[in-house]
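Spelled out, the chains give:
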Amino acid sequence: MRLQSVRDLKLELLEAVVEPAMDVSTRATARARTLAERSLTVAVGAGGLGGSDLSVGVAASSFESLPPVSRSVALGVSKRGQQHQLAIRIQRQALAKSPLVEHLIKRAKGEANVRVIGRIEKRTQLLRTRRAGGPSGATNWQRGRIRPLQMGTSIAHVNVTAGTLGCFVRRGGNRFILSNNHVLADEDNASIGDDILQRSRLDGGQVPGDVVGELREWIKLRPRASNRVDAAIATIADGVDVEPNLLQGLVKGKDRRLAGVGADFLDEGTIVYKLGRTTGATIGRITAFEVDNVVIQYDRGQLRYDGQIEIEGNSDRAFSAGGDSGSIIVDADGKALALLFAGGDTGGSNGLGLTYANPIQTVLTDLDVELEY
Amino acid sequence: MLRYGMNTISLDQARAAKAAALHLFAKLDVVGVGITRVQNEYAVKVNLNEPPPVGTELPSTIEGVPVRFEITGKIHAFR
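Residue numbers (the working numbering), protein chains in the order written: chain A, 1 to 373; chain B, 1 to 79.
Any given hint might turn out to be false.
To be verified - Residues of chain B clear of chain A, computed beta-carbon distances all greater than 12 Å:
no., residue
1, Thr8
2, Thr61
3, Gly64
As the list claims (entries may be wrong) - Only part of the chain A face toward chain B is listed, based on derived beta-carbon distances under 8 Å:
no., residue
4, Trp141
5, Asp230
6, Glu268
7, Phe289
8, Glu290
9, Val295
10, Ile296
11, Asp324
12, Leu340
13, Gly344
14, Gly347
15, Thr362
No lab work stands behind these hints, which were simulated from the structure alone.
Just so it is clear, CB atoms sit at the ideal spot from N, CA and C, and this is done for glycine as well.
Extracted from the complex, chain A is given alone in its bound form (with noise of 0.2 Å):
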């Protein structure tokens, strides 16, 4: 079909047929169709490499942006060669061989691309964690609220979805909280003094009972010139007890401890490991260093990194998804090397996505902090 074509089917299809199947409501249809014309973008031209490929782009939105209902049929458009199809996205297997798929098919002429992605609004992270071999839909115990704070358990501003406690840094003679810049300062929206929450509000923390520090310092996103960091720092709240440098169940289920930062250089082989809100423990390899011209995408458009370092999981797991953002990356002698911050869903040699992380010298030097161990 010609691009246009399943542009016009698609809308078509989705106001005639998806729409009232799914009976959702009118504020989750518009939401909904923000995303599907996100995905649109996403779709065009990204196929090509075995077949069709589609990615619905929503792995980083803020809270205001998630849609409260998610729908179980979503329509872009994915490429085969030169021709395109419909992309009919599903969330369950049981829906590709109902009715309403059925006949969405059938007014494609065949010339669609069927496939289950999983809820959209948490693709990545239910995606990622059922692909890692977790127990479906079960939670990890760090995105329930943990007292004394420790690394690797949910945190965010609290007008953040979910993103994940890094560690602990001092300057002077005070502890502060490390983590992304988009799970604690809203990607710069923030303001000095906003609170930060353990649990992330996506994992059920309130004002003002889960409040555990208030937003310090970030290093300001660059929109138009290369950036090192996506790094910040916030306060912790008099009388939260801290737990500085336990890595709980970080290698086969046994606790490690932050023992320091780790090499200048970090080389392609180098096994490392992370403790995430989402993926939890994880082991990975490092993929290639000192990456220059990374392009992220954020909520405020997209961002250029130089100088990352890229993980790929070892063997059929992803080394992080949604929601480990600010997680410390550590080596086998529990060394600290580098501040996870983005990934994909598609690169590395399992196909399951590759991750992006900041040097930790370069985040605790930017921020003008020493690592607490």
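Based on these hints, arrange chain B on the given structure of chain A.
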């Protein structure tokens, strides 16, 4: 991991080739250019958002340094 063979390509050579790759592939949808290893030799890794247009010729080396391409797709901030 077993490492064998001689390192005939220095890190500086790989860095220079990486810089060259950024210019060389400016017309492609590059989403990352870094240093990796191919059979224990340093090499340049070029990440693309999508497959290059049909007919695009991609070199296997830049300034004598091996180059590997990977279609990584879009990268998102992992909030």
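Quick rundown of the hints versus the structure:
1. Thr8: Its Cβ never comes within 12 Å of chain A, the nearest being 16 Å, so this holds.
2. Thr61: Its Cβ never comes within 12 Å of chain A, the nearest being 17 Å, so this holds.
3. Gly64: Since the minimum Cβ distance to chain A is about 18 Å, glycine 64 of chain B lies beyond 12 Å and the statement holds.
4. Trp141: Check failed: Cβ of tryptophan 141 of chain A comes no nearer than 20 Å to chain B, outside 8 Å.
5. Asp230: holds (7 Å)
6. Glu268: holds (4 Å)
7. Phe289: holds (6 Å)
8. Glu290: Holds: closest Cβ of chain B sits about 5 Å from glutamate 290 of chain A, inside 8 Å.
9. Val295: holds (4 Å)
10. Ile296: Constraint on isoleucine 296 of chain A satisfied, holds at 5 Å.
11. Asp324: At 6 Å from the nearest chain B Cβ, aspartate 324 of chain A passes the 8 Å test, so the hint holds.
12. Leu340: This interface hint holds because 7 Å falls under the 8 Å limit.
13. Gly344: Holds, about 5 Å.
14. Gly347: holds (4 Å)
15. Thr362: violated (15 Å)
Of the numbered hints listed earlier, those contradicted by the structure are 4, 15.
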